[in-house]
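**Student:** Please construct the entire structure, taking both the sequences and the accompanying hints into account.
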Amino acid sequence: MTTKLLDRLSNDLTQLLEDPIDYNVTIEVGEAPNNRIFKVHSYILQSRNPYFKKKLNETLFNDDHVKTLTMTNTNISIKMFNVIMKYIYGGIISLEKLENSMIFDLLIASNELELDELVEHLQTHFVNNNASWLRLNFAQVYRTGYQVKNLEIIKDFCNDIIIKHPNIIFESGDFHFLPEDALISILKRDDLQLEEGKIWEYVINWGKAKNPTLPTSLDKWTSDNFLTLKETLKRCLPQIRYFSISGEDVLEKLYPYLQLLELQLFLDINTKLISPNKQISSTVLPPRKILNTTLPTRNTFSNIITDEHALKISSWIDKKKTTYIENNPYEFELLVRGSRDGFDVKTFYNICDKVSNTIIILKVKGTEEILGGYNPLEWDKNNNQWKATQDSFTFSLKIANPKNFILSRVKKFIGAINNSPKNSYLGFGFALLLKGNLKTEKTCYCRVSEAYPIPIRSNEFIQPDQTLLDECLFSVEEYEVFKIYQKNN
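Position one of the sequence shown corresponds to residue 1 (full-length UniProt numbering), numbered consecutively onward.
Simulated from the structure, these hints should not be mistaken for lab results. Hints are all accurate, no fakes.
No more than 30 Å apart at the CA atoms, straight line, and that leaves these computed lysine-lysine pairs for DSSO-like:
hint, residue 1, residue 2
1, K319, K483
2, K346, K435
3, K97, K487
4, K198, K210
**Tutor:** Shown next, in the form of structure tokens:
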């Protein structure tokens, strides 16, 4: 009978890392003056890790019989490298005090350093314990999993998500940054659970994002503009199942972009709509296999945000450092929906008068932004006043850069809430100000704010001062207001 007494061995080797007697390797991590020198042992590194074995075999001893390695040109931080060294020496990995974003970076670093056991462990940890974070950062996770080898567990998780809940990637603020090959791999899937007309829209928007100089209004496009977009999408367009697109979508979505299609293809699309049994010359891809069972909806309460977003907002309300993964402690009761109740700010005040603990969420027209704010105080439809609170915040859930979420907590409490029914506007300081009819009037804006110092829009959309710049004004596609209740245990 063989007994493995590993705890003592692990502890002793970890102590050797902290008190490196007879070390013969130094590894410099980080940039001076904030760098750190790790003193380690070649025999341990070479026996535990092929990456360092190769590096050490390529490095000569100096006059002090020490080999010197540098890792200053990598994305591996000192804190991250310390975690890796403890794993190499003692087989110990502790993730409790690490943010999920750092654990994900640790996964990528471990893969780069060929720590296969740790790579598998971290992937399993995410899928089993932090799936919510993977979903909230899905586009980034999917893109990384696609670009980096050996992340098969992450890839399988992502593929399962794409099949069942494609909106998580297609409606992500990171979607436009998805690599072309990754997008094509999704478009090729027969089991992609989306209507073909929606897929066409997403592909068009992806291509337009790759060409930001294209005119915003399609009426101003020239033939050269269409040729530019066609060239960008030349590998994506053949993956569209054109003959599965409804007649209404052909008219409303395909026809405006007719110049992207070959004439014969467009003629065949219309032929099939008019006479389904008539022979055509274009290739007909099989329709996607939409599941017979009803897929879970985005959620049961909002047309704008997902359940994962609600968990994120709830964690912000409770000032948690990590996001709730499941079992949201709050109920989101819908009070106002623009498409149902109207978009005028006066309507908001009439419905929300004397209501506290509200979340306002809006989808900006023409961008991928979802902006909002939380007000713990009551709204008042009868009086203009500034209200003070230490608990309000503004946020962005979708912006056109790789950073999905921005949270801006109030700092100047006296100017936290701008309650102005007589002027027909409401705001969180001037960091997010909603005015008039939110849909028909382009009068909403975000301005540099002392109350909320972190901007929730990109710099080009932030009002620098009281001068209202047209490019910084916006209207909304939809907006919703929720009353937040603590759930009963």
